[in-house]
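Enquirer: Each chain is listed here by its residues.
Number of protein chains: 2
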Amino acid sequence: MSDSIKYFLPEEKIAKSWYNIVADLPAPPAPVLHPGTGQPIGPDDLAPLFPMALIGQEVSAERDIEIPKPVRDVYRMWRPSPLYRARRLEQALDTPAKIYYKYEGGSPAGSHKPNTAVAQAFYNREEGIKKISTETGAGQWGSSLAFAGALFGIEISVFMVKVSYDQKPYRRAMMETYGANCVASPSNLTEYGRAVLASDPDTTGSLGMAISEAVEVAAKNDDTKYALGSVLNHVLLHQTVIGMEAIEQMEMADDYPDIIIGCAGGGSNFAGLGFPFVGAKLRGGPAPTVIAVEPAACPSLTRGTFAYDFGDTGHFTPLVKMHTLGSTFVPPGFHAGGLRYHGMAPLVSHLLHLGEIEARAVHQNPCFEAGIQFARAEGIIPAPEATHAVRVAIDEALKCKVEGTSRTILFNLSGHGHFDMAAYDEFLSGKLEDKDYDAEKLDSALAALPEVAAE
Amino acid sequence: MSDSIKYFLPEEKIAKSWYNIVADLPAPPAPVLHPGTGQPIGPDDLAPLFPMALIGQEVSAERDIEIPKPVRDVYRMWRPSPLYRARRLEQALDTPAKIYYKYEGGSPAGSHKPNTAVAQAFYNREEGIKKISTETGAGQWGSSLAFAGALFGIEISVFMVKVSYDQKPYRRAMMETYGANCVASPSNLTEYGRAVLASDPDTTGSLGMAISEAVEVAAKNDDTKYALGSVLNHVLLHQTVIGMEAIEQMEMADDYPDIIIGCAGGGSNFAGLGFPFVGAKLRGGPAPTVIAVEPAACPSLTRGTFAYDFGDTGHFTPLVKMHTLGSTFVPPGFHAGGLRYHGMAPLVSHLLHLGEIEARAVHQNPCFEAGIQFARAEGIIPAPEATHAVRVAIDEALKCKVEGTSRTILFNLSGHGHFDMAAYDEFLSGKLEDKDYDAEKLDSALAALPEVAAE
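In order, the protein sequence lines correspond to chains A and B. The opening residue of the first sequence carries number 13 in the numbering used here; numbering runs sequentially from there. The opening residue of the second sequence carries number 13 in the numbering used here; numbering runs sequentially from there.
One thing to keep in mind: the hints can contain errors.
Because identical chains share one entry, a pair is satisfied inside a single copy or across any pair of copies.
[Stated by the list, open to error] In the DSS-like style, the derived pairs of lysine-lysine whose C-alpha atoms are separated by at most 30 angstroms in a straight line are: (1) Lys453 - Lys443; (2) Lys110 - Lys81; (3) Lys143 - Lys443; (4) Lys18 - Lys28; (5) Lys18 - Lys81; (6) Lys110 - Lys25; (7) Lys18 - Lys142; (8) Lys25 - Lys81; (9) Lys413 - Lys293; (10) Lys232 - Lys142; (11) Lys18 - Lys413; (12) Lys110 - Lys411.
No lab work stands behind these hints: they were computed from the structure. Since this is a predicted model, take the numbers as computed values, not measurements.
Could you put together the complete structure from these sequences and hints?
Expert: And the structure:
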């Protein structure tokens, strides 16, 4: 049996700048609009929510944006992250394909999220911010920002979607261990939360509602800013260290991917791995197939509309043009909580619209099946979100087997599943229901999209 | 703020041999005795339980024992493990001490246990073994052997102490994800288990009972061997990769520890880090203070007797000379399940007896306090077991502050606490009770030690 291979970069290889794909786009992304005026917003409109450095990154068209030394110094705790050639999995599948994966679960919080959490905490501290409010679904983002807040001395308040807050007390305990405050959303702490609770006291909450609460707190308190763990340009930017390292590691392996795969909820881990490769292609380099994998139960890329929409349920955010299921769409409960968002990052949506990337939707149970096959071959238990990428990587490898061709497949293993073993347990005991979305609810959510003059 | 520093070795630096401290001991350890005859046992007595290669390692006096290539190939998944200089923690403590830690939580199972699980699975497979039975307390060992079994195609059956089985369903789910079978012990699957259940149907179980069940299964089934995750010489041997790497990493840091610290239940992670340094001292090198830290509620090194005793409650194992609280001693329930064992590795006990190492007992709640302080400074949340080492490292660093002297402290962060957040939650909410052992029960357990002719 041939063994799996690890490609490890020395610490000096941590990127000195993030890669901004906007610089290489054939057409610029649509502007962000003010919900009141329908006109493009300026930096001042965002100033109550974000520090100016991040607002600058959000609208920047520069290709290379320097990573500050204090951020790189924290990255060194777990970066460069390893890239593996999954030889054991290849053998288990008996495929001629070569399968590589980049593993982001080695960070203290267990996923790729700290790549941006650390950067966001740093820039906030630089501008004297003492408090940040945020939301979290399954808890990956909340615990990552809690970790970053502990390192930079910033007080973190997390609004955690109620259904996850109740289901995943360990994630809450992790945030509290890092010193953060975590409440179930909707909560009584905000006007928006109180309004939702008044009309529906038993609501399970949603990411859209939690965003509204976190934004309200930042907007109403001068000493508090807001942070988001995905979707926005600057968040995707910070994740590009993943793909930049992967390019060097594929060189070490003397190989280049034909197919690149990432799971996509808001889009940040997918973009983090994929954008540096897409950028190379846009600049005339090799042209791999780049696939964003989403849950069939929350299919913004494959069933949503490319249109202006709100990022939250309370409609406090600006309007962004993105693939969306409508901000009022509530997906059914499933275990990949990090993929339960109605929209998709504008930059990912834009690239799909331009035909530069592809999208695929997969069902939950085949994903867990893939996660278990992966764990038994490679040892690492993937987070439910990451099993979506594993599923498509295995599908593509099996297609190679049928066709008798060898392709090089690279996917992002964005996090481990140590906090999600209840989901594996449910699957292993045959109790995991593979829910689909409600087509009627989707139709009505899409019909409720805002009308936007500028469009 | 100065940042914590990571010392990372390239893959080529994975040790080619394990270090056997027996070769350097000033006095040989006491022989293992047959419980029936009171005479030293031979390899044939152990053959029903272990493959011959491991029996050979158990009694070897060779200093360097080659690590087979297939074992090193698996080690490469997460080894060499990083060594960190905890500068952020030093600053939080405002201490002149230098604090280093070796981090073993990056393995797929999240602790140091795979270092030996992989080796044991390999040797069993080499000798054609298809099934291994074992026990586990908190689940670190069971999940590590399950992981190794998946890689080498061996069926793993785990007897998990009932109280942990009920409290930690995620660990069980992890073992099952790797394809292992896991039952609560005592169980109805063994004669011993049925006997215990008949006399005490509501027992919480204990590690000693679970060992008896696992040994019984191996003894009665020709196709099944037994595996232990600590205590035995060959298990400690496999862990010495930790300390061997640490020696090279301390060289990279141009430093050498004055104080070396590891938590100790059965003794394997402590020995893994400490023995290569103790060996260097025995061969005339520098003489650091080497401290084994145990829970005050299960204090085999500080309150136990150095005497021949059984490794299990059912008295199926040979007699080994060790620090013991008596095989009938049942410690109170506390969260560091990996430290709830009545005995201590014979080699660790022997070194304490020779005055080559020291022992210290600490209480549970100050350990969690230290774990939280560590997490907020360094980002990694330690397993409850590992917080014992963190506690003493912080205590020693604070002593340096009082004395105004700088010492170099190195400790083993043997695993992360992702599966133990319920314990952190209990501590953070002020509900964690700091139980002590029952002195009367300890007296009666010590009075019940076996009489051994050869002693």
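Enquirer: Compare the structure with each hint and give your call.
Expert: Quick rundown of the hints versus the structure:
no.	hint	verdict
1	Lys453 - Lys443	within (26 angstroms within a copy, 44 angstroms between copies)
2	Lys110 - Lys81	between (36 angstroms within a copy, 23 angstroms between copies)
3	Lys143 - Lys443	between (42 angstroms within a copy, 28 angstroms between copies)
4	Lys18 - Lys28	both (23 angstroms within a copy, 18 angstroms between copies)
5	Lys18 - Lys81	both (27 angstroms within a copy, 15 angstroms between copies)
6	Lys110 - Lys25	both (25 angstroms within a copy, 27 angstroms between copies)
7	Lys18 - Lys142	between (40 angstroms within a copy, 28 angstroms between copies)
8	Lys25 - Lys81	both (13 angstroms within a copy, 29 angstroms between copies)
9	Lys413 - Lys293	within (27 angstroms within a copy, 56 angstroms between copies)
10	Lys232 - Lys142	within (15 angstroms within a copy, 64 angstroms between copies)
11	Lys18 - Lys413	within (24 angstroms within a copy, 42 angstroms between copies)
12	Lys110 - Lys411	within (12 angstroms within a copy, 54 angstroms between copies)
Hint compliance for this structure: every hint is met.
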